[in-house]
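K.L.:
Sequence:
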Amino acid sequence: MQFAEYAEDGSGGSCTQQLWPQCLVIPAPVADVPDWGSAPTLDAMRDVYIVQDLIETDLYRLLKSQQLSSNHVCYFFYQILRGLKYSHSATVLHRDLKPSNLLINTTCDLKI
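Be aware that the sequence shown starts at 131, since it is given in our numbering, and climbs by one per residue.
Everything labelled a hint here was simulated from the structure, so no lab data went into it. Worth double-checking, as some hints may not be accurate.
[As the list claims (entries may be wrong)] Now the in silico label distances, taken between C-beta atoms and shown as ranges: (1) His224 to Glu186: 18 to 26 Å; (2) Asp173 to Ser199: 16 to 24 Å; (3) Ala174 to Leu198: 16 to 24 Å; (4) Lys228 to Arg176: 43 to 51 Å; (5) Asp173 to Leu227: 31 to 39 Å; (6) His218 to Cys238: 17 to 25 Å; (7) Ser199 to Thr221: 33 to 41 Å; (8) Leu211 to Ala174: 20 to 28 Å; (9) Ser200 to Thr171: 50 to 58 Å.
[As the list claims (entries may be wrong)] Only pairs whose alpha carbons sit at most 25 Å apart, straight line, appear in this in silico BS3-like list of lysine-lysine: (10) Lys241 to Lys194; (11) Lys241 to Lys215; (12) Lys215 to Lys228; (13) Lys241 to Lys228.
Idealized CB from N, CA, C, for every residue including glycine.
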């Protein structure tokens with residue numbers, strides 16, 4: 131489950147701002163948010179629930195458990211670049227890009 135931060139004034143504006151880019155139509159290398167819900171008004175917002183696909187591991191755990199082949203490295207790097215290209219074209223910057231934030235499923239599909 132992902133937790134988004136509230137604005138300092140408690141209005142939930144920051145939380146909504148963080149979630150909105152993820153609700154757009156998103157290509158394969160970027161984790162999508164198929165659904166999310168919250169209170170009807172920002173003043174009543176206390177909790178935000180996010181529904182995402184279940185992804186088994188992340189790049190950090192994978193690197194700790196085994197050495198990757200050169201084919202896997204190239205494939206993951208390609209997916210990272212593709213996801214960043216898409217995000218940047220939508221003027222969305224990822225401020226915390228690190229191996230533990232790169233999610234990988236059992237078919238080696240990577241999600242940012």
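K.L.:
Each of the hints needs a verdict: does it hold here or not?
P.N.:
Going through the hints against the structure:
1. For His224 paired with Glu186, a C-beta distance near 21 Å keeps the hint of 18 to 26 Å intact.
2. For the hinted restraint 16 to 24 Å between Asp173 and Ser199, the CB-CB distance of approximately 53 Å leaves it violated.
3. At roughly 47 Å, the beta carbons of Ala174 and Leu198 sit outside the given window of 16 to 24 Å.
4. Between Lys228 and Arg176 the Cβ separation comes to about 30 Å, which falls outside the hinted range of 43 to 51 Å.
5. Evaluation of the 31 to 39 Å hint for Asp173 and Leu227 yields a pass: the beta carbon distance comes to about 33 Å.
6. Between His218 and Cys238 the beta carbon distance is about 23 Å. The supplied range of 17 to 25 Å therefore holds.
7. Checking the proposed 33 to 41 Å range against Ser199 and Thr221 shows it holds: the Cβ atoms sit about 35 Å from each other.
8. Taking the beta carbon of each, Leu211 and Ala174 are about 41 Å apart, not inside 20 to 28 Å as hinted.
9. For Ser200 paired with Thr171, a C-beta distance near 53 Å keeps the hint of 50 to 58 Å intact.
10. About 18 Å separates the Cα atoms of Lys241 and Lys194, which keeps this hinted pair within 25 Å; it holds.
11. For the hint linking Lys241 to Lys215, the alpha-carbon distance of about 13 Å falls within 25 Å, and the restraint holds.
12. A distance of roughly 16 Å separates the Cα atoms of Lys215 and Lys228; the hinted pair therefore holds under the 25 Å criterion.
13. Proximity of Lys241 to Lys228 is assessed by CA-CA distance (about 12 Å); at most 25 Å being required, the pair is judged to hold.
The structure shown violates the earlier hints numbered 2, 3, 4, 8.
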